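Chains as they are written, first to last, in my numbering: chain A, 1 to 256; chain B, 257 to 523.
There's no promise every hint is true.
As the list claims (entries may be wrong) - Partner residues are not named here, just some residues of chain A that face chain B (Cβ under 7 Å, in silico): (1) 52; (2) 54; (3) 58; (4) 82; (5) 86; (6) 88; (7) 90; (8) 94; (9) 106; (10) 108.
Unchecked claim - Now the stretches of chain B that chain A is said to cover, found in silico as 3 or more residues with beta-carbon under 8 Å: (11) 377-390; (12) 501-507.
The hints are simulated quantities; they were obtained by calculation from the structure and are not laboratory data.
Because the structure is a prediction, the values reported are computed rather than measured.
No residue lacks a Cβ here, since even glycine has one placed at the ideal position from N, Cα and C.
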Amino acid sequence: MTVPLIEFNQVFKRFGDNAVLKGVDLSIYQGQVTAIIGKSGIGKSVLLKHIIGLLEPDEGEIRFQGQAINAMPAAARRAVKMKFSYMFQGTALFDSMTVYENVALPLKEKGRVAFRDIQSRVRDKLAQLDLVGIEDKYPSQLSGGMKKRVAMARALVTDPEIVLFDEPTTGLDPIRKNAAHAMIAEYQKTFGFTGVMVSHEIPDVFYICQRIAMLDQGRIIFQGSPAEIQNSAEPAIRQFIRGQDPEAIKAAPSER
Amino acid sequence: MAQPHTISNMLAGLGRTAISPVQELGRVAIFFFRGVAHLFSFPLQADKIIDQIYFIGTKSVFVICLTGAFTGMVLGLQGYYTLVKFGSEGLLGAAVALSLIREMGPVLAAIMVVARAGSAMAAEIGIMRISEQIDALETMDINPVRFLFSPRLGAALISFPFLTAIFDVVGIIGGYVTGSLLLGINSGLYFSRVESSVLMEDINGGFAKSFCFAAIVVTICCFQGYTTHLRKEGFGAKGVSLSTTSAVVLSCVMILVADYVLTSFLL
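Use the sequences and the hints to build the structure in full.
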């Protein structure tokens, strides 16, 4: 069987008294877009931040191409990190920089890309995301949806091998949400990047992701294809993907 | 009789209280040395250092001139009425110049920069921390210490001696305004005393102090902002406000402590 590109092996994470991850086992395969779904506040973003090293597990290990990341020498860890790009849920745009400067920053800071190339790559990415004409605006002058698209442009401008999207379409109108999903799917096909996406957009994610993982009560309770999750008989999964409140179901009188 | 576990808890608490400031000092020292190391790492960040020189240095010139002038003027007044009791008002130029160059110039210039730029640095970096902008830098493989702290450190090391020199010169002129123009000391006498009393080692000592204060101020202010998310007393906007307050108070206290230590070595 194929070795997963990224693998969580019994990962635990606790913040004070709050145990968020309680033994997560998860496999993410190269060239696929994997969606992580689950209720709000369940720890999906925490899980995503472990992949890129913004958080370290209390127990367990995360492997990249079969090697434990926390056991790698610093240079190897850095090399792994450079393959990733991350789109934050709250966008995390630099509010003292313009849109252009925000998107150009990852290219400019490396000092390896010529000025003209930076300009053309940034302008291409802004055009692809329907952001032409706002290059000189600051994030505080943009709508929530526009900020999301700028954050997406910044995440994709370096042509990364692995892109982590933390709720990339929350707050977008239906047209732009579909456009963003289509772009992720199209980019994935064109460049073949591996994507990990935290999302609540059900059923949309079933059409653009090859793999779905569901996080519930600190553990991954399902991982498989969109077709498999839609056919799952597990009550927690069925309730979640149909948007049913388990408490309401229990409280409702039984049908005859 | 006290239970053994109560005693051990008390001892553990005492140990934690003693270890905590040492750990904090260690973190600040590591932060500082990382900042110094990245100051010289390639590609050099000359454009960012120039931007910060404009922010820390150029934009502080007005407030430095204003405080320098009034400090010199009040020194002139106080010095005159003290010296005149002993019939030594002719020494006013020396008293004003030495007080400013050795002590008041470096200390007050540094405190004014803390108030104007240090608080802004702590708040800006603190907001970047709580809004995940620093995390975003890490995900882009951009070293946040190099990106945020090193240019500010470099700019402060360049700006502080210049600001101190401006403070000293404006202060001496302020002393001349009150001593000579208002109170009637001969202006030639005032400036000749300034010239004859001030030695090169006084000026060098003042600049050495301003270099140290630059490192102290920028390290404390940037560190407070950078570690805003680790504060136990407050999160979010409250955390940023606490970081900014701590940055200003700690910087001012450390300037005065360092001033005493440096003076004891320089004298």
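Results of checking the hints against the structure:
1. 52: holds (5 Å)
2. 54: Given a least distance of 5 Å, the restraint on residue 54 of chain A holds.
3. 58: violated (17 Å)
4. 82: holds (5 Å)
5. 86: holds (4 Å)
6. 88: holds (5 Å)
7. 90: Since chain B brings a Cβ to about 6 Å from residue 90 of chain A, closer than 7 Å, the hint holds.
8. 94: Check passed: Cβ of residue 94 of chain A comes within 6 Å of chain B, closer than 7 Å.
9. 106: holds (4 Å)
10. 108: Where the cut-off is 7 Å and the nearest Cβ of chain B is about 10 Å from residue 108 of chain A, the hint is violated.
11. 377-390: That given contact holds, which follows from 6 residues of the region 377-390 of chain B lying within Cβ reach (below 8 Å) of chain A.
12. 501-507: That given contact is violated, which follows from only 0 residues of the region 501-507 of chain B lying within Cβ reach (below 8 Å) of chain A.
Hint violations for this structure: numbers 3, 10 and 12, all remaining hints satisfied.
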